[in-house]
Amino acid sequence: EPEVTQTPSHQVTQMGQEVILRCVPISNHLYFYWYRQILGQKVEFLVSFYNNEISEKSEIFDDQFSVERPDGSNFTLKIRSTKLEDSAMYFCASKGPTDTQYFGPGTRLTVL
Amino acid sequence: QKEVEQNSGPLSVPEGAIASLNCTYSDRGSQSFFWYRQYSGKSPELIMSIYSNGDKEDGRFTAQLNKASQYVSLLIRDSQPSDSATYLCAVRYNNNDMRFGAGTRLTVKP
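Listed in order, the protein sequences are those of chains F and G. Residues 5 to 116 (my numbering) make up the first sequence, in order. Residues 405 to 514 (my numbering) make up the second sequence, in order.
Read the hints as simulated data drawn from the structure, not as lab findings. Be aware that a few hints might be false.
[As the list claims (entries may be wrong)] Computed Cβ-Cβ distance ranges for the label pairs, DEER-style:
hint : chain 1 : residue 1 : chain 2 : residue 2 : range
1    : F       : GLU89     : G       : GLU409    : 19 to 27 Å
2    : G       : GLY445    : F       : LEU116    : 16 to 24 Å
3    : F       : PRO6      : G       : ASN498    : 21 to 29 Å
4    : G       : ILE422    : F       : VAL28     : 36 to 44 Å
5    : F       : THR17     : G       : PRO418    : 43 to 51 Å
This one's a predicted model, so the numbers in the text were calculated from it and none came from an experiment. Glycine included, each C-beta is placed from N, C-alpha and C at the ideal position.
Input sequences plus hints: build the corresponding full structure.
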C-alpha cells in the first residue's frame, strides 16, 4: 500500500541553524500539508500546498518557515533559523482525489 | 476562530464496553469531520470521516454529526485493549485547512 515517507526520523540541531525536513507524498496525490505537534499538545496545521503554491497557512507559519516541491516527488519544509520552541514532531500529509489526508510517520525535531 | 474542543480525558472503560468520545467545533462553515487515532509516538491514522448530519457506522465504530449543535461524536462498541490510544477530532474548513482538537486519551482495561 502506498504511504507517505519522511526523512530524517529524528533531527537534532542548534538554535539559529537552518533545517530542512523532507517528505515524499503518495505518488498520485496533489495536495500536501505540514503539521506539527509539540510534545503533549495537539496537532497543529502549518501549511497546505497545491499546484506548486501555498493555498493556506496558519498563524504559526511565519517568515521563518517555507515550503517547496523541488522535484516531482519531494515536498520540503524549511525552518530558516530554529528556535527552542520549534522542537516538535513534524508531520507531512498528502491527499488525493478523496477527502482523506494520509500522514507520514513524522520527523522529531530537537533544537538545542 | 477555528476551534475544535475535546475532553482531554483520560477516559477509561472496561473491555467490551462502549466508549463515547465527544467533540465540538466553533465554525459553522465547517465542511468535513474526521476522527483519527494516534498511538503514543506515532502519526495520526484515520478512523472515520463524516459529512452530513446523522450516524455513520463502520464496524465497531459509529460517528455522529449534528451541525446545528456543532457537535461530533465517536462511539466504539465492544472496546478492546488495542483501542487504547488518543482519539483526535479534526474539522476541515475548506479544501486545504484542517484543524485538530487536543485529543481524548482512551484506556480500555482488560
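Quick rundown of the hints versus the structure:
Between F:GLU89 and G:GLU409, the C-beta spacing of about 24 Å keeps the proposed range 19 to 27 Å intact. Range check, G:GLY445 to F:LEU116: about 20 Å between beta-carbon atoms, so the 16 to 24 Å window is met. In this structure the hint that F:PRO6 and G:ASN498 lie 21 to 29 Å apart at CB holds, the actual value being about 25 Å. With their beta carbons about 39 Å apart, G:ILE422 and F:VAL28 fall inside the hinted range of 36 to 44 Å.
Roughly 45 Å separates the CB atoms of F:THR17 and G:PRO418, a value that falls within the hinted 43 to 51 Å.
The structure is consistent with each of the numbered hints, conforming to all of them.
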